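Number of protein chains: 2
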Amino acid sequence: MVNEMSDGQNINTAGIKTPFYEDLFSDRAKNMKASVIRELLKLTQKPEIISFAGGLPNPKAFPVEPITEIVNDLLKNESNRVLQYGSTQGVPELREEISKRLKRKWNIDGDADNILITVGSQEGLELLGRLFLGFKSTLIMEAPTYLGALNAFHAYNPTIVSIPLDDDGLMVDRLEEYLTGAEKHGVMLKFVYVVPTFHNPAGVCMSEARRRKLMELSHEHDFLIVEDDPYGELRYTGDVLPTLKSMDREDRVIYLGTFSKTLVPGFRVAWTCAPKPIINKMEIAKQAIDLCTPPFTQHIAKEYLKRGYLDTHLEKIISLYGNKMRIMNKTMNEIMPKEYIHWTEPEGGMFLWATMNQGMNATEMFQDAISQNVAYVTGQSFFADGEGENCMRLNFSHAEDDKIVEGVHRLAGVVEDWGRKLDSSNEDQVKNEFIQGV
Amino acid sequence: MVNEMSDGQNINTAGIKTPFYEDLFSDRAKNMKASVIRELLKLTQKPEIISFAGGLPNPKAFPVEPITEIVNDLLKNESNRVLQYGSTQGVPELREEISKRLKRKWNIDGDADNILITVGSQEGLELLGRLFLGFKSTLIMEAPTYLGALNAFHAYNPTIVSIPLDDDGLMVDRLEEYLTGAEKHGVMLKFVYVVPTFHNPAGVCMSEARRRKLMELSHEHDFLIVEDDPYGELRYTGDVLPTLKSMDREDRVIYLGTFSKTLVPGFRVAWTCAPKPIINKMEIAKQAIDLCTPPFTQHIAKEYLKRGYLDTHLEKIISLYGNKMRIMNKTMNEIMPKEYIHWTEPEGGMFLWATMNQGMNATEMFQDAISQNVAYVTGQSFFADGEGENCMRLNFSHAEDDKIVEGVHRLAGVVEDWGRKLDSSNEDQVKNEFIQGV
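Chains D and E supply the protein sequences, listed in that same order. Everything in the first sequence is counted per the working numbering, starting at 2 for the first residue and increasing by one. Everything in the second sequence is counted per the working numbering, starting at 2 for the first residue and increasing by one.
Okay, chain D solo, but in the shape it has when bound (with noise of 0.2 Å):
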């Protein structure tokens, strides 16, 4: 079929041996690269670098006792249930609990049957990608958005169009605006996502009046609102917000909720509460993935629910996180130089976002601070459209107390050194065009 040699290999029109497969892959495969922020990861690894570039919860945070009491349990009462394979949706008792704790804490409505459970939410992403988009749809994400959901809708070729943030989250004005000019166009929207809680990476919640006024324009223009929410247990300050799920009258969101950041991330388990014919295709989509969610993960997120440890933990996390935050935006006042960097002021979540002077680049900053081991994650990762080249996202919930303070001032000091190669480099500019101006 090509140009075959016998030892399993070709020579394509370089002249350089391939494996024969390379011929075989799909178009798909054929695009997919390695993602810059995983190579990036890779370099924060080393245990001299003091890490805000990951999204990784604390393993303080974590109920070891209660895990183990309850696998213990587990094992020793229901093993031949919780170790065989389980059903697509879910365990049936999970998914009731999780229904009942939805309407109790964010007065969502849906029962046990509006609830699949998945593989991380990433899952989720992965199935709604699936269900609704394909080469001629269009969805719309927020700029910045999470990483995750932009690899999960992107293998599905579809048109994003970004919409910027600000402090009150997405902003939905222009959301109408492209809304109208769309509808003459004959666009196919299919859905907006949103992190509208503690948003990664900005860290910022949308208001209220926009929330509303977002759900006002899913009923004028018939599109669907995906509503990713993995930190909104995670508040430490302020006052609550309504979820959008609970705003809606007429089936129009699709909530995502995790227990990666309130029990532990290591069992992978989360869930999608939504209306009930697309909770049906996403566990056919499903199946063909595999099979189930870990039933063993899966049962032990049940009787955490059911014993009632999940707001007790709660308590503790948010005790431990929002300190973290105090002390890095307490540390960025007092020593980041504001002359060329600013940030969001979160009230909860895990992150804050910092935005420099037009012309510093956090991506070849990077290095520099690599070196100086303190890390970060660059913008131009959280943007469809490659912007975001003078942003980072700084994770607070990982690092230890002294080691955020001390890494906030690793990073003050590279932020210092580029914001002035920049003042000067200005400085040239402006002399070069006066002497060009004699």
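If you are wondering where the hints come from, they were derived from the structure by calculation, not from laboratory data. Quantities reported herein were computed from a predicted structural model and do not represent experimental measurements. Where hints are given, some of them may not hold.
[As the list claims (entries may be wrong)] Simulated pairs of lysine to any residue, SDA-like, Cα-Cα distance not exceeding 20 Å: (1) Lys277/D x Asp24/E; (2) Lys47/E x Ser88/D; (3) Lys277/D x Gly111/D; (4) Lys137/E x Phe26/D; (5) Lys404/D x Asn81/E; (6) Lys34/D x Pro278/E; (7) Lys31/E x Ile285/D; (8) Lys34/D x Gln90/E; (9) Lys77/E x Leu75/D; (10) Lys31/E x Gly135/D; (11) Lys185/D x Asp24/E; (12) Lys61/D x Asn73/E; (13) Lys422/D x Tyr341/D; (14) Lys61/D x Asn78/E; (15) Lys339/D x Asp167/D; (16) Lys422/D x Arg411/D; (17) Lys47/D x Tyr86/E; (18) Lys101/D x Ile285/D; (19) Lys43/D x Asn374/D; (20) Lys43/E x Thr89/D; (21) Lys331/D x Ile319/D; (22) Lys277/D x Ser36/E; (23) Lys47/D x Pro93/E; (24) Lys18/D x His222/E; (25) Lys34/E x Asp114/D; (26) Lys43/D x Ile280/E; (27) Lys47/E x Ile280/E; (28) Lys31/D x Lys277/E; (29) Lys339/E x Arg250/E; (30) Lys137/D x Asp24/E; (31) Lys31/E x Ala156/E; (32) Lys31/E x Pro20/E; (33) Lys77/E x Val65/D; (34) Lys77/D x Val65/E; (35) Lys47/E x Thr89/D; (36) Lys307/E x Asn78/E; (37) Lys34/E x Ser88/D; (38) Lys18/E x Pro278/D.
Place chain E on chain D using the hints.
What follows is chain E alone, placed relative to chain D:
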């Protein structure tokens, strides 16, 4: 965008109200239907039914004590790590252990970098679909073939060519005929998917001669081979056959293995062993699907291998299932009406495959079987092209020994009834022909 109504519903052409989002589904999603087999399986859940339908391991084969020991050790000594996010490729020491075992047990070369951990082998199949298949690609599957593979590959819209099986596995001469023709027509053959050892559903093994021939054909025609081997460890009698992967000198074989049948299914830990460039792309694709397989269950599997528990445990499973297989086979030989039905006599695995006379329909017969409180899986589910209506898959690993005997008796009654019915309708037909002939 569509005929919008204030309550989030549309009126379709038949005048029926449908939720507005039905219009937003991708074509892919519009074509998704709940699988017939799953609907049938729901009927088999009643306690009075003796089910040969599922593909479930027997809970008696779950090593609960060693798992309890391991989990307590992990939570005591490594909780920070086993409860945290992990790498997409999988826990390095688990990949190391699998690599060592593959070498020792199956003479398969491949280091930890050649291995990707997946959420069940099902996810491996999904990833291979994503990497290789698209609208213009062709793959070859056995007829019958594994239902989960059909589901995974179907999602990518390839052309599926079915090549029949016999008691010696894939009929490789038929494959050769096909390949000769296909080459002339410019077919882009991506891979041949086989379950060469203790086939699901057919129970048979591909002979060693055919394995060698298949490897030669892959060399001559430059296609990949996907060797799905969930049951290879479960041999109860007969001589061990070499895996295709162990014969692979040219990186042509992608090997899928799993802990679902040897340890427990509830962990959802499986692996793919393949050339590094393929593993790298699978890893990128998996990143978008679920970030990582649960580290918690991966670490349990790792310790299980590391502590050398698997080999002794396999002896126990082999004795348990081997006995069940012999009981089913013996009872079938004693009681099944051989004028209407014959079946494969496997040497391992979890299934045997029964074929009834032409004209006897296992799907039509299913309701009768259920009313006699016995269940199987209908044959058609395992064919890409809707054949196999006179076939059924019988699982022998899950039911209690005495239930196997009782269930086979019940099934024999149903088969005999339907066989006689067919005989008499054939007689009627002959009479009618005779009368018409007069």
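Hint check results:
1. Lys277/D x Asp24/E: holds (15 Å)
2. Lys47/E x Ser88/D: Between Lys47/E and Ser88/D the Cα gap is close to 16 Å, so the pair holds against 20 Å.
3. Lys277/D x Gly111/D: The hint holds at about 9 Å.
4. Lys137/E x Phe26/D: This hinted pair holds, its Cα atoms lying about 12 Å apart.
5. Lys404/D x Asn81/E: holds (18 Å)
6. Lys34/D x Pro278/E: The hint holds at about 12 Å.
7. Lys31/E x Ile285/D: Measuring from Cα to Cα gives roughly 11 Å; hence the hint holds.
8. Lys34/D x Gln90/E: Judged against 20 Å, a Cα distance of about 15 Å means the pair holds.
9. Lys77/E x Leu75/D: Since the Cα atoms of Lys77/E and Leu75/D sit roughly 18 Å apart, the hinted pair holds (cutoff 20 Å).
10. Lys31/E x Gly135/D: holds (12 Å)
11. Lys185/D x Asp24/E: Within the cut-off at roughly 18 Å; holds.
12. Lys61/D x Asn73/E: holds (18 Å)
13. Lys422/D x Tyr341/D: Holds, at about 11 Å.
14. Lys61/D x Asn78/E: holds (14 Å)
15. Lys339/D x Asp167/D: Within the cut-off at roughly 19 Å; holds.
16. Lys422/D x Arg411/D: Given pair Lys422/D, Arg411/D holds - Cα atoms ~17 Å apart, limit 20 Å.
17. Lys47/D x Tyr86/E: OK: Lys47/D and Tyr86/E at ~17 Å, within 20 Å.
18. Lys101/D x Ile285/D: Since the Cα atoms of Lys101/D and Ile285/D sit roughly 25 Å apart, the hinted pair is violated (cutoff 20 Å).
19. Lys43/D x Asn374/D: Between Lys43/D and Asn374/D the Cα gap is close to 13 Å, so the pair holds against 20 Å.
20. Lys43/E x Thr89/D: At roughly 13 Å apart (the allowed maximum being 20 Å), Thr89/D and Lys43/E satisfy the hint.
21. Lys331/D x Ile319/D: At roughly 18 Å apart (the allowed maximum being 20 Å), Ile319/D and Lys331/D satisfy the hint.
22. Lys277/D x Ser36/E: holds (17 Å)
23. Lys47/D x Pro93/E: Roughly 17 Å between the alpha carbons, so the hint for Lys47/D and Pro93/E holds.
24. Lys18/D x His222/E: holds (18 Å)
25. Lys34/E x Asp114/D: holds (18 Å)
26. Lys43/D x Ile280/E: The given pair, whose Cα atoms are some 18 Å apart, holds under the 20 Å limit.
27. Lys47/E x Ile280/E: Answer violated: Lys47/E to Ile280/E is near 42 Å, above 20 Å.
28. Lys31/D x Lys277/E: holds (15 Å)
29. Lys339/E x Arg250/E: Violated. Lys339/E to Arg250/E sits at ~45 Å, over the 20 Å cutoff.
30. Lys137/D x Asp24/E: holds (13 Å)
31. Lys31/E x Ala156/E: holds (12 Å)
32. Lys31/E x Pro20/E: holds (14 Å)
33. Lys77/E x Val65/D: Holds - the C-alpha atoms of Val65/D and Lys77/E are around 8 Å apart, at most 20 Å.
34. Lys77/D x Val65/E: This hinted pair holds, its Cα atoms lying about 8 Å apart.
35. Lys47/E x Thr89/D: holds (19 Å)
36. Lys307/E x Asn78/E: holds (16 Å)
37. Lys34/E x Ser88/D: holds (17 Å)
38. Lys18/E x Pro278/D: Holds, because 14 Å separates the two Cα atoms, which is no more than 20 Å.
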